[in-house]
Amino acid sequence: MSREEDFDDTILDDVVEVKSLSPDAALRRRRPRYKVICAGERPKEVNERLLQLYPFVDQKKTPLPTHWSHQDKAASLVVTNDYRNVAYADSGDPNQELNAKDAAAVRADHPIPITCGVYYFEVTIVCSGAECCMGVGLCERNVDLNRLPGLHCK
44 MSREEDFDDT ILDDVVEVKS LSPDAALRRR RPRYKVICAG ERPKEVNERL
94 LQLYPFVDQK KTPLPTHWSH QDKAASLVVT NDYRNVAYAD SGDPNQELNA
144 KDAAAVRADH PIPITCGVYY FEVTIVCSGA ECCMGVGLCE RNVDLNRLPG
194 LHCK
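When we follow the working numbering, the leftmost residue of the sequence shown carries the number 44, and every step to the right adds one.
Just so you know, nobody snuck in bad clues.
Here are the simulated BS3-like pairs of lysine-lysine, each with C-alpha atoms no more than 30 Å apart in a straight line:
1. Lys87 with Lys116
2. Lys104 with Lys87
3. Lys104 with Lys116
4. Lys87 with Lys103
5. Lys103 with Lys116
If you're looking for bench data, these hints aren't it; they were derived computationally from the structure.
Starting from the given sequences, assemble the full structure and let the hints guide the process.
Here it is, written out as structure tokens:
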């Protein structure tokens, strides 16, 4: 069964409007559309698969990370209501140049439990903008979210 078949086919408009860094003016004005799944609700097959992959994790005591956090993020980021998409909300000024101070990060809803051993995750970059730098990585709880992952000093 494909991932698309696991969920309802109803497509809803997300309530958050985000300005994109896309060079295409039409893409910057278009509202994103998402399949909405309430946070915390997962199809039965997903829960069963997580139990198979991580048998030593007591998910009641140490839940697995499954989506982005609405609270644990840089102010310039917008997390959609389904908790699965993140967008950078720039000022909308096409003359404003972005620089290293415009870096932003978001954390997952829970840290990866130590008992996992190996934890697998995927990230898809949908639109990165014309001159954009993306970073995907892991960090500790105390890392500044206004920097890219891995660019912090201890």
